[in-house]
Each structure stands twice: as structure tokens, then as C-alpha cells.
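Participant: If you want the building blocks of each chain, they are given just below.
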Amino acid sequence: MPESNPALQLEVSDLHAHYGESHILHGMNFAVPKGEVVTLLGRNGAGKTTTMKAIMGIVQKRGGSIRFEGQELVGLPSNRIARLGLAYCPEERGIFSSLNVTENILLPPAVKPGGMSLEEIHGLFPRLKERGGSQGTKLSGGEAQMLAIARILRTGASLLLLDEPTEGLAPLIVQQIGDIIRGLKGRGYTILLVEQNFRFAATVADRHFVVENGVVVDWLPNDQIEQSTEKLKRYLGV
Amino acid sequence: MGSDCIIETQNLCKDFKGFSAVVDVDLRLKPGTIHALIGPNGAGKTTCFNLITKFLVPTKGRIFFKGREITKLDPAQIARLGMVRSFQISAVFLGLTALENVRVALQRQLGTSFHFWRPEKSLEVLHERAHELLEAVGLGDYAQVPASELPYGRKRALEIATTLALDPEVLLLDEPMAGMGREDIGRIVALIKRVAKDRTILMVEHNLSVVADLSDYITVLHNGAILAEGTYQEVSNNSQVVEAYMGTGHA
Amino acid sequence: MRLQKIGIPILLALALAAPFVVYPVFLMKALCFALFACAFNLLLGYVGLLSFGHAAYFGFAAYVSAHAAKVWGLGPELALVLGTLTAMGLGLVFGWLAIRRSGIYFAMITLALSQMVFFFCVQAPFTHGEDGIQAVPRGRLLGLIDLTDNLSMYYFVLAVFILGLLIIRRAVGSPFGQVLKAIRENEPRATSLGYKTDRYKLMAFTLSAALAGTAGAMKALVFQLASLTDVHWHASGEVVLMTLLGGVGTVFGPVVGAFLVVAIQNYLAQMGAWVTIIQGGIFVICVLIFRRGMVGEVLEFWRRRNSEPPPSGGHH
Amino acid sequence: SDGVVKIGVLNDMSGVYSDLCGPGSVEAVKMAVEDFGGKVLGKPIEVVSADHQNKADIGANVANKWIDVDKVDVIVDLPNTAVCLAVQKICQDKNRINLISTGASVILTNKNCSPTGFHWTYDNYALGKGTGTAMVKEGGDTWFFLTADYAFGHDLEKSTAEAVTKSGGTVKGSVRHPFPCNDFSSFLLQAQASKAKVIGLANAGGDTINAVKQAAEFGIVQAGQRLAGLLVFISDIHSLGLKTAQGLVVTTGFYWDQNDETRAWSKKWSARMNGRMPTMAQAGCYSATMHYLKAVQAAGSDEAKAVAKKMREIPVNDFFAKNGKVREDGRMVHDMLLAQVKKPEDSKYAWDYYKILRVIPGDEAYKPISETECPYLLEKK
Amino acid sequence: MFELIGIPPQALFGQMLLGLINGAFYAVLSLGLALIFGLLNVINFTHGAQYMLGAYVAWLLLNFLGINYWLALVLAPVVVGAFGILLERLMLRKLYHLDHLYGLLLTFGLALIIEGVFRNLYGISGQSYPVPPVLTGGYNLGFMFLPLYRGWVVFVSLVVCLGTWLVIEKTKLGSYLRAGTENPTLVQAFGINVPRMITLTYGFGVGLAALAGVLAAPIYQVKPTMGADMIIVVFAVVVIGGMGSIMGSVVTGFMLGLLEGLTKVFYPEASNTVIFVVMAVVLLIKPAGLFGKAS
Ligand SMILES: Nc1ncnc2c1ncn2[C@@H]1O[C@H](COP(=O)(O)OP(=O)(O)OP(=O)(O)O)[C@@H](O)[C@H]1O
Ligand SMILES: Nc1ncnc2c1ncn2[C@@H]1O[C@H](COP(=O)(O)OP(=O)(O)OP(=O)(O)O)[C@@H](O)[C@H]1O
Ligand SMILES: [Mg+2]
Ligand SMILES: [Mg+2]
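Chains as they are written, first to last, in this note's numbering: chain Y, 1 to 238; chain W, 1001 to 1251; chain X, 2001 to 2316; chain E, 3001 to 3381; chain H, 4001 to 4295.
There could be a bad hint or two in this list.
[As the list claims (entries may be wrong)] With a Cα cut of at most 25 Å, we get these calculated BS3-like pairs of lysine-lysine:
1. LYS3089/E x LYS3380/E
2. LYS3309/E x LYS3294/E
3. LYS2070/X x LYS3089/E
4. LYS1072/W x LYS129/Y
[As the list claims (entries may be wrong)] If you want the ones that stay clear, here's a sample from chain Y, every Cβ over 10 Å from chain W, calculated:
5. PRO109
6. PRO113
7. LEU118
Just so you know, these hints were derived from the structure itself, not from any lab. Nothing here was measured: the structure is a model prediction, and the numbers come from that model. Ideal Cβ positions, reconstructed from N, Cα and C, are used throughout, including at glycine.
Can you make the complete structure from the sequences, with help from the hints?
Facilitator: Next up, the structure:
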């Protein structure tokens, strides 16, 4: 595990989380270096989403430590966490039906300077421009996913948490999302990605952490993924 | 209408406040086949699905089931005809045990569902069949477990068992593999293959390897209209489809 | 359940002996409300529909059977049946309107519909407006047993109450009850399995209204009067209170709740507005702290100690 | 009979009527017991009280329990006709006395009379007759009624209308408003459109208050129409304030400031009730209780029939009623007062609200016994 | 009751105007109810009691501190709103993760308590609150005498309703509110302090109820039951308008006031019932309410 270090955007150590009485995370340890794309891989129910939610402060009951740019997040409410420069794109997308597509994009407040403008976003997702006036939930599954990603690009957050951004998307769109993630990395964003699809993950990420039953059981840099395919397949039960 | 089709739609259209989600779709399902509906996001697959199962009312067009027009029926009637659907997000009765989930589906055939004066014991005749169905989807050991405590993949399996309980002629599956791990996918694919023997299946699925593996026939939707139809081989070689949907990386 | 095997005979014996210890009119009142609360709980606890207008069936049935007994001279059993049937019809119509929506909407719609009944009762000549129908004869049961005597009236009420309770218990466990549970858990899925869910909900609603009507009709006979109190929305609120206090979705919870609330009303009657404050306080405390209600909390405690699976149809 | 004489005060302790009877009535009854000496026939006198919340079933429940379990001998006060009817029936069946002070309906001593039930302070007939006749005499000969749409309102309207027509006036119309009613503006507008000289308020409590208040707002009185409150208690005037209530003509069974005797008693009561002044209902409770105790003394027993007999024999003579008498049908006949609410500038001290216009002799005020519909009297005939 | 032919058009206009004035109260009350329902998903049964509190606070301010109507118009909503905020913080907040019905039950209980306390303190027959001197008197409109004060009520409620609507539909704050209505967790994860927003919205909604109470004080008697009489009608208004629809609640409020006014002319016996009848009819034709979105 990397030591505490200013080049690290996010350090998670001994993170525990509970839903009610069920203990989901049992001491997660991992770190995300600045400017990198890092994935959490793991089977269904391994606790990937829960990790994201714990970082964002959406899971109330959590213990251990989460440091973002050196600042402790455990104990802060999620709005304060967001203000520090973290943005979260949830697995279930969370599009607002009472707002139209454009209003959805404009909703999250800018927390830091340097976010994308509406034009830039429309450039990335022309489909969203076409459907701009329609009600948020009237989008198809894939459109909604695009909207969910587009929405957090405006905020200027430096760490993006993307939870299965390719789930339920057409292959073509998956490719596009890959391009977008690489583009974002190029702009200096740090990205924590949750994926089931490690083939896709391999095309964008710098390193991978493998999650199993609420703990990180292994990690490997992207360039070793070829050699470790067998091991990964075992972890993911492919 | 072709009498060899079990489900047929004619000029099916759906508008949402001026936006056409489905335009003039003529679907033809041959009995005993697995028919896949694919297409980019927003192509109108789920909408088509909802139209056929009457969870949405078509703006225009007609729907036939075994030659009989069903455009005017309501969702419950559709189910009684033998067309049963699953949902894009898993749909089980969380507070009931796995066994009870399946039993609820079986119990309609007894015709006693309004009998509030009959004891619960009267339902026990169904337990044998319910256990069979649970075994079939690999949930044999989970019969007494509340559905809420099942892991996601097993919930989907339970949902399929419940659907099969109605012994439907036509199964409509909306993204049955969404959110599933590989091992689960393998199991469900095998299951679908098994149950497809004497049934017709219409499914929406993005996982192309599953589609390739399972489907006999594919309809590609794009912008609400049919872009191409044919076997996986035919469709995946169609340049329009590759451009609009599959992308260059695949094929 | 061993508890039931011992518990039920004990309860029955207690119920039979009670009028010799406790004032029978009080017991009868409590039993009427207990049946009312059980009927209400059928809807809330097992279908998940909160009706805030159950007073309409309770109170209107009271008027109908009071009128039948006093003006038409029907015997108590016929008056009771007539009241029940009227409530059932009313429940059918109102239910048909209300089940179009669920949750809070349902609550508000039932409330508003019951207000219509209330104002109708204020206006209609046969109810005698504010005065109510007074001096209703209790009559002779089946023409044989004189019910003027509080003791025989009590056993009659007890019998009707037990019958009502049995009907409810059976309905909950029946094939019908299973479908209701499924609908409560996931309605679209139940539809996709071929159930016309509205019909089941309507059926449950009607059943609940009918039993509420039985309770109201019985109360009219016990007190020999039918008045606006029983159709007022406060009565709807009270039945919610009883059920909540006792335990939503438990079999005996509403009974316990009813006895407690009736006791509060009776024994604190001289405290004036304090009764309202106490009732409000119970609501607040139940909602904030004891959401399972008294019986529900006891069952939960039991369950934890023996860590058995949770009681079916429990708290949700 | 059981070694104690128990008096139960049953009224509205928390609802619409709680200000005009409520705890004040209980206090009045207690004063009567104290003034009587706390004992009758050597037995102690006890007072219990309960709130019937204006619900007939609660009233009935309390009455039943009081009589069956607590051995109460007499039930006093009883506002709300529905409760009166229920309790009077129970008392009759179980042979106990009931003394109605706040209840208003005439039927209590007519169609629904009881040999052991007594109606003390006023009734709708007396109210309607007093105000109706007086206003017509003063030139208010065309009437329009705002009537609370329930038995009490209808009853009050009917008796007033009869009085009005008998004295040569005409009724131009009436409108029935829901009960209770917050907004009278549209009914007032209709009353205004009728051009009747007098607008009769056949309602009570909060409804009367609201109607009077809103009439002031719409300038009804300034425009020349007059209001007649048919059932108004002094507590209503108090909460309306003289500015709004001024000029209102009312009939009342008692006014605290009528003479030295009434003042003396009222001040005693007032001292125990935070400076409020008693309504006619509260004063009536005292008078009725006192009379009951005297009758028990005279009968030498608290058995209801014997006491009822003595109550009818003994005349009523106290600060509340001079030469009042209890009729065969249970009606206590005494003089009523026709009063007008003072202008704010004429009011010299707290609760100085009424100017007495006329004393209406009891025989004129109450429905004559010759017109009785009381079943047991009709049988006797 | 069949005098409709006999009713001159002037009287009709008069009645319609009165209906509109009543509608103004319905509108302000149902607006607050709809706002609270929108964000908290709570049917605020205490709304009636809070309306009553508004009137009582104004009355207390006048009688014990000599604070006049105009100040009370601002102070009472603030005081009662603050009380609402307290309730939200201490109680309602604990229920958000539960079925929304619990919110209904809690507020019902609170309403009973508040009403009971005021009954104990001030009795039932109520206190009167004078019309502020500037607004006494009225205009003769030819067809009716319009008390100045009632005109003022309509004016204030129109301004308040319009202002609220603008804020919600046209401002950023409004879009937070609308989004928060659907998925508060996510909105908070975007960096918005949702709990505070909820608290303030509740406070504001309660403040609106109190404002209506102050407006009502000079017209109606200030009494403990004044809210209970009103609240169920307002519920019906909200159902007819379509729950959660801000526009719907306001427009329906005024419309139903009008309708009620007309009923009082043609068939007064039905004036209490008419709104509920309308509700039943609307439910038959449009279950989501006139302005509501189908679920
Ligand atoms: N709200 C909740 N209440 C209780 N348990 C939950 C809740 N959400 C998730 N869980 C449980 O927590 C565990 C981890 O879930 P999580 O969603 O983090 O998994 P995941 O790795 O993201 O899986 P997936 O690939 O399916 O998204 C699972 O066992 C799940 O059942
Ligand atoms: N209720 C609705 N109102 C308005 N537009 C809708 C509605 N439902 C769907 N749409 C639109 O119809 C189009 C087709 O949607 P549909 O859900 O059928 O797509 P899909 O093919 O299932 O996509 P996905 O694979 O992403 O789930 C989309 O553009 C969507 O925005
Ligand atoms: Mg996940
Ligand atoms: Mg879809």
C-alpha cells in the first residue's frame, strides 16, 4: 500500500461501513494518486458502490479514515465533502424528473473553478443537446447515463467517482465513455471508477484494486493486467 | 397477418409529447424462437416492450397475439393470455419467502385468489411445483429465505422462476442480465436456453455475447424504427448496424 | 406457536369473566372499538393502505342500524346485518374511488370522502342532525334473548367481536391474503403475474369497511344511540391511534390499543382538553419511539430473544 | 340512599361551550353545596364532574357509569341537546334526577319530557319569544334569519318566527348556514339583499360571534339593519368586545349586574373564577342545585320520584329567580330579561355590558303548559 | 333553494368576489402545504394548528406587548416558522427514512396537542382581533360593499403566491428544491446542504400558514379550533389541484373559493360538501388531480 504522501489525492485506510446492522466494508485500504484513473474491480455485492458512497458521506455509519488532499472526510456531511472537490455519479444515475435535461446539467453547483461549460458538454454529448428540453426521466437508460456523467463535469471537482458508467450502455457508447474518461484524465482530473467489465477498465485505468467482501484483496498496475488476466478472472469469477 | 407469428405488431407507434420514441415498428415473433431486440440507448426497446405488454398505450398501430388482436387489453389480461414479462430492474416480492414468491404466481390457477375464507393450507398443494421451479433456477436451498435476503443474482433467478410459474407461452425479458456477475450470467443463460425449448422469448439485452449465444433472430432498433433484422451473423455484418450500434471495436 | 395454545384459552376465560369485575358498558364500548380497529388494521397492516376516513363506515352503519331498530323495529341481529351491508356498499363505492391512488394520497382522499358522509349525516333528516338517533331499542336477540340487560348484551357483543376477529385472521392467511401481501410488496409485478390488483385492494377495502360497519352498528345498539361523533373525522383519527398504539399489522395490537384509548377517554373524561393533549402525545411518542406499537414491541422483544423468524405480516 | 348525596356536573369542559358553562358551572354547583352547608339529611354531599365533549355517546357513557357504579343521584348542567336527550332518557330509566341548565331545546320539557328531568335557565321558546316580540314592538317588523343548519337552529328560528308573526311582523326569508361556520359574509350579503329590518341570528356560540363580527365588517348595522342575537351569553359579548357587539338585543335568563343580590353572588363566583362574570347557565346551575338540595331535605330522602315531587311543590326564590315555579312538565318558569348591549362609552367597569330593557314575566316568556306535548301529561288529561 | 332565477346578477358578482376572498385563504394555506409536501413528503396535518398559532401570536402580541397588526404580519410568521423549524429539527427529521405515513401521523398528533394546549389556556369561544385602523371601512362597488380589509387579504395572498411560484420555477434555489424533492441524498452529494434546505422549507411553509392566520385574525374569531375547521377543506384543495403542484394548489384554492361562494347562493346546504364532491369527480376523471403529474 502506498504511504501517506502529498501526491495522493485520496487515501482510504481501514474503512468500515454499515447499512443498518449489516457490516459491509471491513477495513478497505487503497489510495488514488493525483491525476490517475483508478478502478475498483469486484463481483456483485463486493462493496464497490458502498465504498463510493462511504467516500461521499452518503453512508452514514462509517469508520476508519478517508483523506482527500490530506483532509479527513469521515465525520463530514456529504455536502461538505462535495464542496472540497469530489463529485459522484451514482450507479442508478439519479436523474431528476422534475427538471429537464439542461436543468439537470446545470443543477450541481460549481464547487471549484475550472469546470466545463455547457457548450463543451454539449460538444461531448450531442444527444443531450437534442433532448435538452425534455424531462429528465423520459430519457432512455443510456441517455440517462450520459446525462449523469455530463452533469458532474461542470462542477470543477478534481476527483470524480464514477460508479459503473458503462452499465447498460451500447458498445458504441461504451467506447465513447472510454474516450471521455481518457479525455478527462488528460485535463488533470483524478478518477475513481467502479467497473465489472475489466476489459473496459483496462482501456482507461492506470491501476486496479480488487475488492472482495468489503476489503481490498489485491491490486495491480494496468500494464500488468495482461499477465494477470487469469488471476483477475478468478477474482471476478469469470 | 402472417398466421405463423405468435406476436405481431403493425405500425406500432408511441409518441411522448411530440417526441416519437417508437415509429412504425412491425415486429414478428416466430413461435419457439428466442428473439432479441437490440439497439443503441434510447432506441425505444423498453418502450416497445411496454407497448406489447400494455404497460403503455400505443399512439397508433395494432398488436396481435396468435392472430387475435390484443391492442385494447390491460396488462393483467395480457398476462392471463400467457405473455409474461420481467422488469429491467429486478422485481420480486421482498417480504415473501422464495417459495411464497413462486407460489403467488402459481396460485392464480387455483382460482381461489379471492377466497378470503379459505385457509392458507389450501395453497400447500402448490408446494411441489414451486419447489420444482426453484430447483430449476438453482434456488432449491433457498425456499424458506425471504426474498429480501437473497443476493442480487439470485433475486433475478427467483424472478425468472416466478415468471415460469405461469407457464407462459411467451416470455418477455428486459435486460435479464443487467447488473449480474459472470457466474450468474452463465447460469441464467443456461436457464433461458432450457426454458426456451417450448416457448417463445423476446428479450432486450446489451450484452452482445449473450445475444450472440442465445438468440435465433435479432431486430435492431434505432431512433425508434427498425434498422435491420436477421440472425446474429447477418446483423453484425450489416454496416449500418456496426456504425450505429456495435461500434468498430466489436464485430 | 405455543404461546397461542396457552394464550387464547386464557384470554377467552378472561373475556368471559370480565363483566363481573369491570363495568360492562365500558367493556362493550372497548370491544366495539377493538373490532373497528381490527377492521382498520386489515387495510393498514396487511394491504399497506392508511385510510383516514374509516369513521364514515363505522358511523354511518351506526345510523342505519339505529334507524332500522328504532323506526323499522328490526331485531338487533337484522339491524346489525343491515348496518354491515350498508357500510359494505359504501366501502365498495368509496374504495373504488380511493384505490386509484396510494400512500398519502389515499389517506387524504378517504378523509375527504368521509367528510362528505359527515356532512350528509348533518343534513339528512333521518339522522336527526346534531341530536342523533336516541333511545334505540336493543331488542331481543333472535326474538328470544332480551338484550336490555347489560350482561347479555355484553356476551352478544363479545360473540360478534370474536367472529369478526376470526374472519380477519382467516382473511389474512387465506389465498386472498397472500395476493394482498404480494401487492403490498410490489404492485407492478403482481399485475404482470396477471392479478388485477385493484380488485384485490377493493375487496380488502370493502371487507374492512363492512367490519367497521359491524362495529359501528354494534356500538349504536350498546349505547342505544347513533350520533355525529362516530362519523366525525376525529373518530377516524382515533382508530388510527388505537391501531398504532397497539401495533400495526399484529393480530391483537388493535385490540389492546382500543382498550387503552377507550380507557383513557373514560377515566380522564373530567380532564377536559387534556384528553386531546394526551392523545396527541401518544401519537407523537408512538411515531417517534414505539413505531411497532405495544404488542409489536413485545413480539419483537420475543423474537429477538428466541431469534425466530419475524412474525408474518409484521411491521413495515 | 347510600349515605352520600352525589351531584354529577356533566358538561362541555373543553369544547365550544366550555366558556359559558364548563368549569364555571362546576364552581357554581360547589358554591351551592357549600352554601347549603355541605350536608343534607345528615349525609355528606359530594360533587363530581365530567366532560362529555359534546358527544352524546360519551355523555351517555358517563351518565350510565355514574349511576351504575358511582351512585350519582343527580346530573346537572347538560349543554347540547343531543346529550340532554340521551342523559335525560337514562335518568328517567334509572330513576335519577337531571337538572338542565345550559341545554336549550324546548322538546326537553315537551315531546321528550321526563318526570324526573328539569329544565332550569331558559329555552329556545323563551329566547325567540322575548327577542322576537320586543324587536317587532320597536319597529323591527321585517325579519331575515341566519340559521345554523341543525335541530337547535331550526327550533330557535321556528319559535322566533312564530313570535314575530304573532306580534304582527313578517319573515322575509332565511338562510341555513352550515354548522359550525367560519365565514358568514355570503349569508350576510343575502340578508342585506332581503332589505329586512332585523337579521335574526338563530345560532349560538362561535357562530353568533362570527356573524356579529362580520356584520360589523360589512357595515350591515351602519347601513340600517339591526342584528338580533337569539342565543347570546355574556361570555360571547366578552369575547366579541363592545365595539363590535354594541346595540345587539338579547334575551337572557340572568344578568349579574341586575341587582344587589345578583351582584353579591356573582362577585363571590367571580373571585373563584379569575374575575370572569357568570353566564346565565352557570348561575342557573347554582339555583337548580340549591333547589334540588332543598327538595331532598323536604322529601327526607334522595329517591328521585319523591325529590321530583317536592321540587315541583317548593317555589324557587333566590338571587337567580324570584317566585319561580317548577311546572308539571319539568320547566322552571321564571322572569326573563330583555337586554341591549351597551356602547363602549357607556360601559363603566369590567363586564358592564347590558342595559336591561324589560323584564319579561315568566308566564309570558315560556311556552304555556296548555300547549304541552309532554306524553305523560297528555296521558293524564 | 331554487331561487337562482331570482338572484340578481349583482348579488352573484358579490358572492363571487366573496368566494375569491375565501379562495385567497385556501390558496395561501394549500401553497404552504404543497411546498412542505413537495420537499418533505409529509402531509403537514399541523398546518391548521399553525394557522391558528399565527392568529394567536398576533393576538398575544397585540394584547400583551401592544405590537400592532403590521408588525405582527411579519413577526407572527417568523415566530411560528421558528417553532416549525424546531419541530422539524426535533421530530419530523427522525421520520424521513420511514414511510411517509408516519409524518402524517406525527403531525396529526402534534395538531391535537397544540389545539389542546390552546383550549386549556384560552378556552374555546375565542378572542377578537380588531381590523387595523387604516384598513377599516370599505368601498361600495355598486353590487356590494367590499370591506377594505378583505381586498387587502386578496392582494397579499396573490403577491405571496406569485412570489413563491416565481422563486420555485425560475430560480436556482427553486431548482434545488425541485431536485431535492426527488432525491435529496444525491442533491446533497452535489454539495448542497439539503437538511438545512428542508428545515427552512418547512419553516417557510409553516410561516405561510401563520401568515394566513394573521390575515384571518381580524375577520374570523381567533380561536383554538379555527385551524381544524379549515385544514380538511385545504387537504381537498390540494388533492384536487394535484399534490405537490405549486401552481395547482394556488389556482385550485382560488377556484374552489369561488365555487363555494356560488354554492352558498344557490344551495347553501351543500356549501360544506361541494368541495368534496368536486374532489370525487376530479379523482374519477383525473386521478392525479387537475395539475398533477400522473404517477
Ligand atoms: N441499502 C442497503 N441496505 C442493506 N444492504 C445493502 C444496501 N445496499 C447494498 N447493500 C449490501 O451491501 C453489499 C455491497 O453492496 P454494493 O452495492 O456496495 O456492491 P457492489 O460491489 O457495488 O455491487 P454491484 O456490482 O452489484 O453494484 C451487498 O451485499 C448488498 O446487498
Ligand atoms: N415516458 C416517456 N416520456 C417521454 N419520453 C420517453 C418516455 N419513455 C421513454 N422516452 C424516450 O423514448 C426513447 C426510447 O426510450 P427506451 O427506454 O425505450 O429506450 P431503450 O431502447 O430501452 O434504451 P436503453 O437501452 O438505454 O434502456 C428515449 O429517447 C426516451 O427518452
Ligand atoms: Mg454497485
Ligand atoms: Mg431500456
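Participant: Are the hints correct? Go through all of them and say.
Facilitator: Hints and how they fare:
1. Distance check on the hinted pair: LYS3089/E and LYS3380/E sit about 20 Å apart at the alpha-carbon level, within 25 Å; holds.
2. Restraint check for LYS3309/E and LYS3294/E: satisfied, since their Cα atoms lie roughly 12 Å apart, inside the 25 Å limit.
3. Using a Cα cut-off of 25 Å, the hinted pair LYS2070/X and LYS3089/E holds, with the two alpha carbons roughly 15 Å apart.
4. A C-alpha spacing of about 36 Å is found between LYS1072/W and LYS129/Y, which places the hinted pair above 25 Å, so the restraint is violated.
5. Annotated as non-interface, PRO109/Y keeps its C-beta farther than 10 Å from every C-beta of chain W; the closest such distance is 28 Å.
6. For PRO113/Y, the shortest C-beta to C-beta distance to chain W comes to about 32 Å, beyond the 10 Å cut-off, and the non-interface label holds.
7. Non-interface call for LEU118/Y relative to chain W: holds, since the shortest CB-CB distance, roughly 21 Å, exceeds 10 Å.
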